[in-house]
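As given, the protein sequences belong to chains A and B, one line each in that order.
If you're matching positions, the first sequence starts at 168 in my numbering and goes up one per residue.
If you're matching positions, the second sequence starts at 168 in my numbering and goes up one per residue.
Simulated from the structure, these hints should not be mistaken for laboratory data.
Worth double-checking, as some hints may not be accurate.
The list makes no distinction among identical chains, and a pair is therefore deemed to hold if it is satisfied within one copy or across any two copies.
[Claimed, not checked] List of simulated lysine to aspartate or glutamate pairs, DMTMM-like, C-alpha gap at most 20 Å: (1) K277 <-> E476; (2) K507 <-> D563; (3) K277 <-> E417; (4) K277 <-> E526; (5) K277 <-> E208; (6) K393 <-> E464; (7) K233 <-> E607; (8) K331 <-> E459; (9) K393 <-> E296; (10) K268 <-> E488; (11) K614 <-> E417; (12) K622 <-> E337; (13) K393 <-> E468; (14) K177 <-> E503; (15) K507 <-> D403; (16) K506 <-> E439; (17) K614 <-> E337; (18) K268 <-> E464.
2 protein chains.
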Amino acid sequence: MADNRRYRKKSLLAAARIGRIVGEHKVIVDPDILAGYAKDESEAEPVLPDVAIRAEDIDDVVATLKLAERFEVPVTPRGGGTGKSGGAVAIRGGIVISLAKLCRIEEINKADLLAVVQPGVVTGELQAEVEREGLFFPPDPASLETCVIGGNVAENAGGPRAFKYGVTREYVFGLDAVLMGGGRISTGRRTVKGVAGYDLTALMVGSEGTLAVFTGVTLRLLRLPKCVATLLARFDDEVSAGRAVARIVEAGLVPRVLELLDSACVETARKEGKMPIPEDTGALLLIEVDGEEGSVELEVERMAAALDEGGARDVLAAQDEAQRSRLWAARRELSELIKKRAAFKLSEDVAVPRSRLAEALQRYRKAGAEHGVEVASYGHAGDGNLHVNVLWNDPDLVVKARETVDRIVRISLDLGGTITGEHGVGHLKKKYLMWEQSREVIGLQRKLKRTFDPKGLLNPGKIF
Amino acid sequence: MADNRRYRKKSLLAAARIGRIVGEHKVIVDPDILAGYAKDESEAEPVLPDVAIRAEDIDDVVATLKLAERFEVPVTPRGGGTGKSGGAVAIRGGIVISLAKLCRIEEINKADLLAVVQPGVVTGELQAEVEREGLFFPPDPASLETCVIGGNVAENAGGPRAFKYGVTREYVFGLDAVLMGGGRISTGRRTVKGVAGYDLTALMVGSEGTLAVFTGVTLRLLRLPKCVATLLARFDDEVSAGRAVARIVEAGLVPRVLELLDSACVETARKEGKMPIPEDTGALLLIEVDGEEGSVELEVERMAAALDEGGARDVLAAQDEAQRSRLWAARRELSELIKKRAAFKLSEDVAVPRSRLAEALQRYRKAGAEHGVEVASYGHAGDGNLHVNVLWNDPDLVVKARETVDRIVRISLDLGGTITGEHGVGHLKKKYLMWEQSREVIGLQRKLKRTFDPKGLLNPGKIF
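Next comes chain A alone, as it looks inside the complex (with noise of 0.2 Å):
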């Protein structure tokens, strides 16, 4: 574990600091309990901070932010730390700020269809809370049992769902939050529409901890769909699958999960995995579709026969809840799957138009058979986001896998796509950030940046 001791002097100062005004309880500086807040869920190194503080309401938000800034002390926020970027991690030392001790809900309305949150509330928890009541929050990035809203918010958080209910970004009405410095504001509002100046709300979502710390969010829900059918469908190869999921899209359906499984996952899926799954299948395709009960019989049928159309194999059906689950297992699996798959392990999470998915994962594929290391891609196959996993046994292959990823990214810029679908630039991918994106655009975040926080003191090092 890295250990930037820079800051550590003035660190300290700060926290005695914001100790006495927040109590002293929620100050850490044991290394053995700090090491909980070194790391996030993805492989970037991790840093020991200097100092963690657990906050338990917005006043010790408002004091850390201020404290830090005049002692000009780097600040890192925390939520579930199940970030697959680097974002969490206090690459420069300093503070960080836990937020998972804010996590009430404050507020579920029924007649509106929103919720006001605190940030630290589990995602997972609030989706149960809100489901019993009818409603739904659509949201379902993979780690949804141990991350917490307020990161969802701060990374613009996908997740199968997607597909037909959008990201994160369209369920925030608004947010609470503290500048560098320790100032307040609320930005957005309660009403479905709005107009009302720039849209803050939007700029803060997916701005990755850099811009402010949020305090609360108010979210937009929905009413939960009465009826949900899950399907398999069983392809050749991959090219087939990417055939059927273009004529999914041509007959205007809208599943509300579109998921695909390349030949190398499947293969991992078959031998690791709980679910049978015949040797002579090359792709997979879960699929859910949602909706009132009627409606959603009739949305199968013409899946079925898309599918079919598509070159499917054949497709399963889930006919209760326990089927349901087990058609999910081949893919909920497969990210702990993958990795035991071979010893070293990189992942990317490119995304590409959705009409050049196919060819998208066969050149993934080639690149990754030229530099002699394997390649698994599975993903959000209707909106062409894919987990690209690059993986290799020996380890002088390093630097050839590091190139392999290169080349995954190239390729995934070069068909009109985009550097991260949905875990954000962080600490791991600020080098692509500017192979995406001109020394404009770049210069222009700069600058936004440098308006919320004048001495880059919030999350550091992250995404340029």
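Let chain A serve as the given structure and place chain B on it in line with the hints.
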């Protein structure tokens, strides 16, 4: 017409230089022609600009913004001139740059469900064009036959279909824009998902021409729904209409359109309009449901049940296109008919949380009665977004009318609403912005504005 001569000399100097670069024929200084660039469709007083530049390509925009900055002349961008808050009125004089001739549809991509267009493309023409290909661009501001995409993006335009499909921001993947000074940027992407860097696209959507001049827009499209059903429900009063709206939302129904006419509007439509409406009608709801054939029928049945439970007197369903336009007539004519109802009119565009709709309508009317003016409201009930018209005949009542408008805005904020649902702040609602937003939030927006436009020359005097 006002005539602000402060920048006259500098504008003419700049125009001469611009003309040498872009061609003299694109530079308008003739006051008779300039009069066509003096106003929009709001109640804002027209102002004659010193110069108008009719841009025909991106280089014209670059040259204009470069030289205007060098000569320190204000520039007001103009699309279709259909704005409702004075945003396109050059209140400080200077140069108006018209984007109306940048009106090419560059690409309609069926597989990736996107279009790339220039900013001067008329919204209704784009809709017709994509519909010919079985595609759908949902945003439908009332002015769609004359407004343009660039203006829609600048104002984040809405319309009746926003209830199901959201507003313009939901359909902008990316922007090409020119900054004051002539710098060019491209933001966003061609993929459905993407989180590389700050969401500059979202920041520019709804920025009312104050941050940049758009030269290209990448738009998200949907598949055209195969089937649309139109219903008109009659109620005794707004309270029962409001109850029906709540019932529809509770039932999980998502009609694409859910429009309300209050009693004054109903009376106007009955007396002046083409559609026969029974005398005992106190409020109308116009509803459209769309989707696949079978599911639309199911949704219409459920809708009829919800309207019944909500207390509708009766529900008319259009059986064909002719009947459909007859049902729409009452709503479509309204904006014009309302003008005939009284000698003078002021209209507001407030929004409240959906659950406060009936309460808002009653309080608006009461405020009008207390000030001796009439209040007639109609609009997007599903979104809680109402166009509230203050009507009076005695010229001496103008002060009372203005006070009523102030009260209507106060009531809306009091109910948790916003000063503008879809028309923007522009020139007319500047004083209300500080009723809704804190000094900190407005200050932050001013700083962002300076980041884009340090000299404050692009559409000055708007929003703040």
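Right, here's what the structure says about each hint:
1. For the homomeric pair K277 and E476, the shortest alpha-carbon distance between copies (18 Å) is at most 20 Å, but the shortest distance inside one copy (41 Å) is not.
2. For the identical chains of this complex, K507 and D563 are intra-copy neighbours only, at 19 Å inside a copy versus 82 Å across copies, given an alpha-carbon limit of 20 Å.
3. In this homomeric assembly, K277 and E417 come within 20 Å of each other (Cα to Cα) only across copies, at 8 Å, whereas the closest approach inside a single copy is 35 Å.
4. Taking the shortest Cα distances, K277 and E526 sit within 20 Å of each other only across copies (17 Å), while inside one copy they are farther apart (44 Å).
5. In the homo-oligomer, the alpha carbons of K277 and E208 never lie at most 20 Å apart, since the shortest distance is 34 Å inside one protomer and 37 Å across protomers.
6. Both within a single protomer and between protomers do K393 and E464 lie at most 20 Å apart by alpha-carbon distance, with minima of 12 Å and 17 Å respectively.
7. In this homomeric assembly, K233 and E607 come within 20 Å of each other (Cα to Cα) only across copies, at 16 Å, whereas the closest approach inside a single copy is 31 Å.
8. Both within a single protomer and between protomers do K331 and E459 lie at most 20 Å apart by alpha-carbon distance, with minima of 15 Å and 16 Å respectively.
9. Taking the closest pair of Cα atoms, K393 and E296 come within 20 Å of each other only inside a single copy of the chain (16 Å); across copies the shortest separation is 36 Å, beyond that limit.
10. With identical chains, the CA atoms of K268 and E488 are never at most 20 Å apart, being 33 Å at best within one copy and 57 Å at best between copies.
11. Proximity of K614 and E417 under a CA criterion of 20 Å is satisfied in neither setting, with 42 Å inside one chain copy and 45 Å between copies.
12. For the homomeric pair K622 and E337, neither the shortest alpha-carbon distance inside one copy (31 Å) nor that between copies (34 Å) is at most 20 Å.
13. Within a single copy, K393 and E468 get their C-alpha atoms as close as 18 Å, and across copies as close as 16 Å, so both meet the 20 Å cut-off.
14. When the C-alpha separation of K177 and E503 is checked against a cutoff of 20 Å, the pair qualifies neither within a copy, at 40 Å, nor between copies, at 66 Å.
15. Within a single copy, K507 and D403 get their C-alpha atoms no closer than 24 Å, and across copies no closer than 67 Å, so neither meets the 20 Å cut-off.
16. With identical chains, the CA atoms of K506 and E439 are at most 20 Å apart within one copy only, with a shortest distance of 11 Å there and 72 Å across copies.
17. Taking identical chains as interchangeable, the C-alpha atoms of K614 and E337 are never at most 20 Å apart, the minima being 26 Å within one chain and 26 Å between chains.
18. Within a single copy, K268 and E464 get their C-alpha atoms no closer than 43 Å, and across copies no closer than 48 Å, so neither meets the 20 Å cut-off.
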